[in-house]
Amino acid sequence: MPTTQSQIVNFQGVAKSFGAVRALAGVDMHVDAGECLGLVGHNGAGKSTLMNVLAGTLSPDTGVMSIHGQDLAAHYNVTVAHDQGIRCVFQEQSLCPNLTVAENARIFHASLKGFGWKKRAGKMIIDKLDEIFPGHGIQDDDVVGDLTIGRRQMVEISRAFTVTDEALDLVILDEPTSSLDVVAATQLLTYVRKAVGEGQSCILISHLLGEILDYSDRILVMKDGAVIAEKPAADFTRDTLVAAMGNVVKEKEIEAHERFEKIRGETPLVVRALPRTQTNGTEFVAHKGEIVGLAGLASNGQTRMLLQVFEGATKRVPNTKVEAPVALVAGDRQTDGVFHLWSIGQNIGVRSLKNMVKGWLIDSVQEASMADDWKQKIKIKTPDMKDNILSLSGGNQQKALFGRALGSDAEIILMDDPMRGVDVSTKLEVYDLIRAEAEEGRTFLWYTTEMDELFNCDHIYVFRDGKIVSELSRSELTEEKVLQSSFKEDA
Amino acid sequence: MLNYLSSPKFLRSALPAASLLLLLAAIFYIQPRAMSQFGMNLMLQYAVPIALATIAQMFIITVNDLDLSIGPFVGLTASIGATLLATNPVLGVLALIACIAAYAGLGALIYWRNLPSIVVTLGMSFVWLGIAVLVLPSPGGTAPGWVKAIMSFKIPGIPFPIVAAAIIALVVHFALMRSSYGAVLRGAGGNPKAIARAGWSLLKIKMVMYAAAGLFGVLAGLSLIGLTSAADAHIADRYTLYAIAGVILGGGEFVGGRVSPTGAVLGALTLTLTGSFLIFLKISPDWQIGAQGGVLIIVLALRALINRREASA
Chain W
0 MPTTQSQIVN FQGVAKSFGA VRALAGVDMH VDAGECLGLV GHNGAGKSTL MNVLAGTLSP
60 DTGVMSIHGQ DLAAHYNVTV AHDQGIRCVF QEQSLCPNLT VAENARIFHA SLKGFGWKKR
120 AGKMIIDKLD EIFPGHGIQD DDVVGDLTIG RRQMVEISRA FTVTDEALDL VILDEPTSSL
180 DVVAATQLLT YVRKAVGEGQ SCILISHLLG EILDYSDRIL VMKDGAVIAE KPAADFTRDT
240 LVAAMGNVVK EKEIEAHERF EKIRGETPLV VRALPRTQTN GTEFVAHKGE IVGLAGLASN
300 GQTRMLLQVF EGATKRVPNT KVEAPVALVA GDRQTDGVFH LWSIGQNIGV RSLKNMVKGW
360 LIDSVQEASM ADDWKQKIKI KTPDMKDNIL SLSGGNQQKA LFGRALGSDA EIILMDDPMR
420 GVDVSTKLEV YDLIRAEAEE GRTFLWYTTE MDELFNCDHI YVFRDGKIVS ELSRSELTEE
480 KVLQSSFKED A
Chain C
0 MLNYLSSPKF LRSALPAASL LLLLAAIFYI QPRAMSQFGM NLMLQYAVPI ALATIAQMFI
60 ITVNDLDLSI GPFVGLTASI GATLLATNPV LGVLALIACI AAYAGLGALI YWRNLPSIVV
120 TLGMSFVWLG IAVLVLPSPG GTAPGWVKAI MSFKIPGIPF PIVAAAIIAL VVHFALMRSS
180 YGAVLRGAGG NPKAIARAGW SLLKIKMVMY AAAGLFGVLA GLSLIGLTSA ADAHIADRYT
240 LYAIAGVILG GGEFVGGRVS PTGAVLGALT LTLTGSFLIF LKISPDWQIG AQGGVLIIVL
300 ALRALINRRE ASA
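Residue numbers (numbering that gives the first Met the number 0), protein chains in the order written: chain W, 0 to 490; chain C, 0 to 312.
These aren't lab readings, by the way, just hints derived from the structure by calculation. Wrong hints could be hidden among the right ones.
[Unchecked claim] Cut-off 30 Å, straight-line C-alpha distance, at most; resulting in silico cross-link-like pairs (BS3-like, lysine-lysine): (1) C:K192 with W:K222; (2) W:K112 with C:K8; (3) C:K8 with W:K117; (4) W:K353 with W:K320; (5) W:K118 with C:K192; (6) C:K203 with W:K112; (7) W:K117 with C:K281; (8) W:K117 with C:K203; (9) W:K118 with C:K8; (10) C:K8 with W:K122; (11) C:K192 with W:K122; (12) C:K203 with W:K122; (13) W:K426 with W:K480; (14) W:K112 with C:K192.
Turn these sequences into a full structure, and let the hints guide you.
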């Protein structure tokens with residue numbers, strides 16, 4: 000495609016990998032002056048990575064990045080992006096909580112200095128807040144850490160739209176409305192249309208499909224690090240957009256799992272819990288020997304549900320009944336899972352220490368035999384279970400964590416999206432292991448952000464905003480149904 | 000108005016000044032004769048070097064690091080000041096500049112290799128002490144005349160240490176809290192990622208902050224020998240803990256870039272006065288460190304109470 004002057008950004012074949020994970024598989028994307036581009040896709044589709052590349056915080060491995068008609072891929076960074084008039088409102092907050100609103104505006108603009116800078120910065124940011132969010136109630140000398148999260152988001156968005164001496168051509172809004180209430184969200188989107196009308200451009204990322212459909216000119220759909228659909232917004236409806244996001248269903252694999260389905264309720268109930276923020280009384284229920292999936296977009300209350308069950312096993316927790324001991328397989332291995340300084344064997348044995356003490360000491364013979372047991376059972380690839388846990392690959396570390404849970408006396412295994420960043424062959428081995436253990440009568444509560452993994456489950460609860468919004472049996476499960484209920488209905 | 004005065008925000012910022020005033024009141028009650036210019040001068044004379052060292056520590060804490068070597072570093076600069084600077088001023092000044100440059104280098108190293116500052120500075124504390132012993136093997140030396148002249152400067156009516164402390168607080172307040180680059184420096188403690196994303200160099204920020212700490216360490220060493228007129232490699236070993244305690248007493252936090260230069264100076268004054276207070280109470284010097292710790296714990300407990308009220312509000 001020839002690059003024209005009215006094109007602000009033109010990406011061709013932009014690719015980025017993190018180790019073995021391919022986050023962007025050669026993306027083509029262009030943004031014209033005076034348009035709002037909507038960007039949608041499921042978790043991990045590569046949206047945020049692409050925006051980080053555009054904002055200059057990540058550099059791509061390969062690809063052409065034309066900005067205002069020049070290929071800048073070789074020496075692109077945050078400063079260049081800023082000079083080119085590209086601003087980004089990141090998903091995580093990038094304000095300094097210890098500074099005031101005015102000081103945060105100053106940090107964004109190198110040219111705001113000299114006598115009276117605080118007054119100028121304060122006036123600039125408050126004027127912009129007044130323009131976008133009338134009635135916001137924020138003062139320029141408020142310390143950001145003292146503001147509510149919604150107001151912080153307002154400050155961050157307004158800051159991206161402030162102009163000093165650099166040009167402002169394109170603002171990336173990554174989930175801008177996630178912490179705004181309905182009124183503020185509408186104010187923002189109205190302002191976006193106004194700015195676009197004046198010739199600025201915008202990239203809008205949102206999980207609220209209604210926003211994307213109503214406020215963008217053109218929609219880009221991403222999946223697995225690639226753009227899989229691109230059309231004017233008017234050509235999409237909510238249903239066709241959902242279909243476009245997840246139409247690659249692996250029929251064969253699904254069939255293979257189908258035969259595992261059990262009849263719900265044949266076995267005794269082991270978990271019954273009401274999510275704390277549930278309003279309509281739908282309970283989370285699991286029976287012995289079941290694999291129960293917790294689906295929905297990332298961090299919509301699934302982990303909190305697992306932790307509630309975890310606490311319910313040892314303590315009295317309101318609205319929570321857990322009938323058997325539990326063990327948790329962490330998803331964030333490095334922070335919540337492995338003990339970095341311990342051997343593989345010690346890492347596996349730690350959940351079962353109570354059963355292998357002799358006097359006051361840990362019986363090292365028992366510990367070693369348990370380690371070797373599990374080395375055989377789950378095929379951990381290591382010459383010696385006494386080696387440090389970090390000598391293993393990520394997938395094998397995860398296997399060790401499964402060994403820790405499965406080797407314990409726990410009847411209920413909680414899995415907090417444990418397959419993140421694990422290679423396919425390990426995944427398949429672990430799926431079989433879970434299946435086999437479920438046959439033996441263990442119960443699995445499995446939070447996963449990967450659609451394919453849900454097809455291993457007998458019963459699925461879809462979470463949104465901390466609530467169960469939908470309940471599907473294995474035979475009812477389709478990717479489309481999960482997506483439909485993961486995304487909010489139009490308000 | 001009353002609402003504002005009882006708000007956690009106000010209480011928190013007023014706590015350093017309130018603890019200082021309370022301590023002063025207690026001293027004047029026990030020993031009314033201390034309420035004179037001479038008495039104040041005597042009680043507070045060491046406040047100036049402690050305040051300077053506290054400010055040095057505060058710069059480091061602003062960027063979420065901790066300096067465990069500031070005491071020995073002050074000892075080193077004092078030793079250089081009492082020897083080289085007196086005998087060969089050019090060489091002396093160069094040596095002190097090298098000390099500041101070394102601090103900036105440490106900041107660069109800590110950022111570049113992502114090292115824990117506690118470990119690096121703990122190691123460096125022995126290096127500083129070692130060099131100080133080489134420079135000045137046994138207590139002695141002479142402070143240069145101009146240093147002594149500055150430190151014995153007398154203003155009619157107002158005790159000199161209070162004037163000096165006010166000047167230090169004002170200068171640092173303007174540099175760190177009011178200047179436009181100061182906002183960036185503090186921001187680096189609050190959210191370094193955001194600062195980097197806005198296009199600022201974190202390396203430069205760390206180097207600036209460490210260099211500033213080095214500069215104030217040098218000033219602390221010089222002001223100290225201005226008072227004692229001789230030096231010793233171990234003269235300021237206690238300053239490491241004084242400086243940390245001063246920053247925290249003054250309302251600073253170990254992480255998050257929340258610091259207050261005025262508070263830090265008030266904290267240093269409070270710590271200095273606790274020494275005198277305990278002497279007036281006829282507590283033996285052996286117990287002083289412990290009693291100072293006690294004061295620290297009381298103030299921090301008060302602050303924790305205020306913070307809890309703020310969290311529940």
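Each hint tested on the structure:
Straight-line distance between C-alpha atoms of K192 of chain C and K222 of chain W comes to about 28 Å, which keeps the hinted pair within the 30 Å bound. Taking the CA atoms of K112 of chain W and K8 of chain C, the gap is near 28 Å; set against the 30 Å cutoff, the hint holds. For the proposed pair K8 of chain C and K117 of chain W, the alpha carbon gap of about 21 Å is at most 30 Å, so the pair holds. Restraint check for K353 of chain W and K320 of chain W: satisfied, since their Cα atoms lie roughly 24 Å apart, inside the 30 Å limit.
Restraint check for K118 of chain W and K192 of chain C: the C-alpha separation of about 25 Å stays at or below 30 Å, so the hint holds. Between the alpha carbons of K203 of chain C and K112 of chain W the distance comes to roughly 18 Å, so the proposed pair stays at or under 30 Å and holds. A C-alpha spacing of about 50 Å is found between K117 of chain W and K281 of chain C, which places the hinted pair above 30 Å, so the restraint is violated. At most 30 Å may separate the alpha-carbon atoms for a hinted pair to count; K117 of chain W and K203 of chain C meet this at roughly 23 Å.
With a C-alpha separation of about 23 Å, the suggested pair K118 of chain W and K8 of chain C falls inside the 30 Å cut-off, and the hint holds. At roughly 24 Å between alpha-carbon atoms, K8 of chain C and K122 of chain W fall within 30 Å of each other, so this suggested pair holds. For the hint pairing K192 of chain C with K122 of chain W, the CA-to-CA distance comes to about 25 Å; that is within 30 Å, so the pair holds. The hinted pair formed by K203 of chain C and K122 of chain W meets the criterion: a straight-line CA distance of about 29 Å does not exceed 30 Å.
About 24 Å separates the Cα atoms of K426 of chain W and K480 of chain W, which keeps this hinted pair within 30 Å; it holds. Between K112 of chain W and K192 of chain C the alpha-carbon distance is near 21 Å, which keeps this suggested pair within the 30 Å criterion.
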